[in-house]
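2 protein chains.
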Amino acid sequence: MTKQKISTRISESKKEKPASEQLEFGRVFTDHMFVMDYKESKGWHDPRIVPYQPITLDPASIVFHYGQTVFEGLKAYETKQGEVQLFRPEKNMQRLNRSNDRMCIPRIDEAFALEAINQLVHLDREWVPNAPGTSLYIRPFIISTEPYLGVAPSKQYQFIVILSPVGAYYKEGINPIRIAVENEFVRAVKGGTGEAKTAGNYASSLKAQEIVSEQGFAQVLWLDGLEKKYIEEVGSMNVFFKISGEVVTPALNGSILEGVTRNSVIQLLNHWDVPVTERKISMDEVYQAYKDGLLEEAFGAGTAAVISPIGELSWNGESLVINESQTGDISKKLYDTLTGIQYGSVSDPFGWTVKVNE
Amino acid sequence: MTKQKISTRISESKKEKPASEQLEFGRVFTDHMFVMDYKESKGWHDPRIVPYQPITLDPASIVFHYGQTVFEGLKAYETKQGEVQLFRPEKNMQRLNRSNDRMCIPRIDEAFALEAINQLVHLDREWVPNAPGTSLYIRPFIISTEPYLGVAPSKQYQFIVILSPVGAYYKEGINPIRIAVENEFVRAVKGGTGEAKTAGNYASSLKAQEIVSEQGFAQVLWLDGLEKKYIEEVGSMNVFFKISGEVVTPALNGSILEGVTRNSVIQLLNHWDVPVTERKISMDEVYQAYKDGLLEEAFGAGTAAVISPIGELSWNGESLVINESQTGDISKKLYDTLTGIQYGSVSDPFGWTVKVNE
Ligand SMILES: Cc1ncc(COP(=O)(O)O)c(C=O)c1O
Ligand SMILES: Cc1ncc(COP(=O)(O)O)c(C=O)c1O
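Chains as they are written, first to last, in the working numbering: chain A, -6 to 351; chain B, -6 to 351.
Bound-form chain A, shown alone:
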């Protein structure tokens, strides 16, 4: 792919920005968006930044019927020095292309997409909030736009990036959450689309999530779809358990999404010489460790909440209270270090952050 110039059309009216303290997640969007089109004869073309605006599509567009779509999620953070930076954005673009491969969507040029994100965030720079824990959420996504009711890969696509200023996930810092182990519904299975970031995985998770929310749980813990035995993820996060001093996370197996935060947690633990293992781990094993008093911590890891300590796991009518529902030392240290690097208040030995610039 040859690099193309991104045209920019500035919005004539600026929207009002919400107060930093009132920010929620994913409800408010900035003044501009990035759009690029694909058709077979031209490849990806016409990259442009335009005022944030509705998408107009034929009702027969494949995305509405067969859900051929992928997306990403990352954040821009404002540092104390007033600079704006991204956290490992190249990882998101790599994953986007892996998702594209699985979903039969043409690959994007990763460096060019990063440049588009850079320009878009730079243009909407004033939308990056700066109250503690707030950030600008970046949502790149690709939709299939060919008007055709046949079940076949689309011949037309749009790659779009929208931005949303978001609040601190936990208003009072990190706080342990209650999780229900899901025994009935399945998010994804090997051979399916679980390792791609694609719409259907999230659609299929809604029902289980709806049921446990009514029972007061924050998220479900997904077990493998084959035996309903092995642990996969928690809600839209990867999951870690600290058992007898060792941190364990489910090995990537084809149905688990490979999180950027997961990868960063593993690197940090290695860096700190804390034993960390990627392997199969069953709910039985976690239960046994709990009974034996060896389950020291559990936490979810993902871009939205960074680190989410698990205070309670509900399984087959039993309630496993972990670390007295307190945030554990490793969870806390990971949270502080990751957010510290993201906001530029802690040194970044891995070169994970990328400055947004003109």
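One thing to keep in mind: the hints can contain errors.
[What the hints assert, rightly or not] Straight-line C-alpha distance at most 20 Å; calculated SDA-like pairs for lysine to any residue:
1. A:K183 / B:G247
2. B:K273 / A:E139
3. A:K148 / B:N246
4. B:K222 / A:L219
5. B:K183 / A:L219
6. A:K183 / B:D51
7. B:K183 / A:E220
8. B:K200 / A:E139
9. B:K222 / A:E220
10. A:K183 / B:K200
11. A:K7 / B:D51
12. A:K221 / B:K200
13. A:K200 / B:N90
14. A:K183 / B:N246
[Claimed, not checked] Covered stretches of chain B, as calculated for chain A (at least 3 residues, CB under 8 Å):
15. 92 to 99
16. 199 to 205
Derived by calculation from the structure, the hints in this document are not laboratory data. All C-beta atoms, glycine included, are put in the ideal place defined by N, C-alpha and C.
Since the structure of chain A is already known, use the hints to place chain B with the ligands on it.
Coordinates of chain B with the ligands only, in the frame set by chain A:
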């Protein structure tokens, strides 16, 4: 739900209709469409028939990101007497609501939706093609339209119906197809969304379909996601095998879509006193029957092609040629009877057809 009046806005310009012989599947759409909105405070409201037109949605609409959507597919047929009729449309509306339940989408009023389809088809009556084997394909679908990036059921939806005149699926009548048994990819798994007609199931099928198409196969035969042993469906059709005079189809198990054609085939076979069983059936069993010379016929069943004889099954590098790649007697009789009832040339003992009227 109280019945609401459907408002109608007639298209000012009429599109040109393609010649019956040149019709493909799902590429051309009629002059009008039906639209109805949902929001929490009002329920389903504002039902209207409008000129066929693009949909305009916020780029943050849930459908683009989390694929919360369901759809249906049925057909209107023109009889020799020049009347237009539908085939068991109430079954499609029932299934739509079952899909809605699974996908956390509010139910529709089935009778009202049927009335909307009736009025829409009636208005675009001239689009119902009448060359042999042609019909008007009806695509009702629901999309989640709330602009929100949280993974939660949408609070806004649109229910839309579009119409597409379609050609005979097989230009020269029915013709056996070549099928590849899929050992790697999985369409759906128990606990997932396989029994709902929702976008993600079709998105996840694209990759396997793309690979086997390049090898000259028409469709894949899906095995169960757990053991990759038991037969589920073939492409977007349910599947039947005739072994030693008995017709066998996989029992509904949570990951198989319950086809209207499948149900009709079973009723017809019962009516004819042909033994038919719904049960688990493994690829090993089919292979053994083939080796023993007992596999007499195999066919797919679905709205698009009605009955699709399977002439060849490719599995683990071996090719099973069924009934010398000829259309079997039962396949032929089912095809003739079902299409006969659909086009009104054969009597309809079950009361399956419904006339479209003012
Ligand atoms: C299903 C799922 N698992 C895990 C994650 C965590 O990935 P990341 O750390 O890249 O945000 C996400 C995304 O946020 C996800 O959607
Ligand atoms: C996955 C799948 N299986 C089976 C069928 C057959 O269902 P029906 O006979 O209602 O068309 C369809 C739909 O056409 C389908 O999409």
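To see whether the hints hold, each was checked on the structure:
For the suggested pair K183 (chain A) and G247 (chain B), the alpha carbons sit about 17 Å apart, so the restraint of at most 20 Å is met. Under the criterion of a C-alpha separation no larger than 20 Å, the hint pairing K273 (chain B) with E139 (chain A) is inconsistent with the structure, at around 38 Å. Of the supplied pair hints, the one linking K148 (chain A) and N246 (chain B) is violated, its CA atoms being roughly 34 Å apart against a limit of 20 Å. Note on K222 (chain B) and L219 (chain A): the hinted pairing holds, with a Cα-Cα distance of about 13 Å set against a maximum of 20 Å.
Using a Cα cut-off of 20 Å, the hinted pair K183 (chain B) and L219 (chain A) holds, with the two alpha carbons roughly 9 Å apart. Distance restraint check for K183 (chain A) and D51 (chain B): the Cα-Cα separation of roughly 33 Å exceeds the 20 Å cut-off, and the hinted pair is therefore not satisfied. The suggested pairing of K183 (chain B) with E220 (chain A) holds, with an alpha-carbon distance near 11 Å, which does not exceed 20 Å. For a cut-off of 20 Å, the pair hint linking K200 (chain B) to E139 (chain A) stands: about 17 Å separates their Cα positions.
Distance restraint check for K222 (chain B) and E220 (chain A): the Cα-Cα separation of roughly 15 Å lies within the 20 Å cut-off, and the hinted pair is therefore satisfied. For the hint pairing K183 (chain A) with K200 (chain B), the CA-to-CA distance comes to about 14 Å; that is within 20 Å, so the pair holds. A C-alpha spacing of about 17 Å is found between K7 (chain A) and D51 (chain B), which places the hinted pair at or below 20 Å, so the restraint holds. The straight-line distance between the Cα atoms of K221 (chain A) and K200 (chain B) is roughly 26 Å, outside the 20 Å bound, and the hint therefore fails.
At roughly 15 Å between alpha-carbon atoms, K200 (chain A) and N90 (chain B) fall within 20 Å of each other, so this suggested pair holds. Between the alpha carbons of K183 (chain A) and N246 (chain B) the distance comes to roughly 19 Å, so the proposed pair stays at or under 20 Å and holds. Under a criterion of three residues with beta carbons nearer than 8 Å to beta carbons of chain A, the stated coverage of the region 92 to 99 of chain B is upheld, 3 such residues being counted. Check on the region 199 to 205 of chain B: 4 of its residues sit with their Cβ under 8 Å from a Cβ of chain A, so the three-residue criterion for coverage holds.
Hint violations for this structure: numbers 2, 3, 6 and 12, all remaining hints satisfied.
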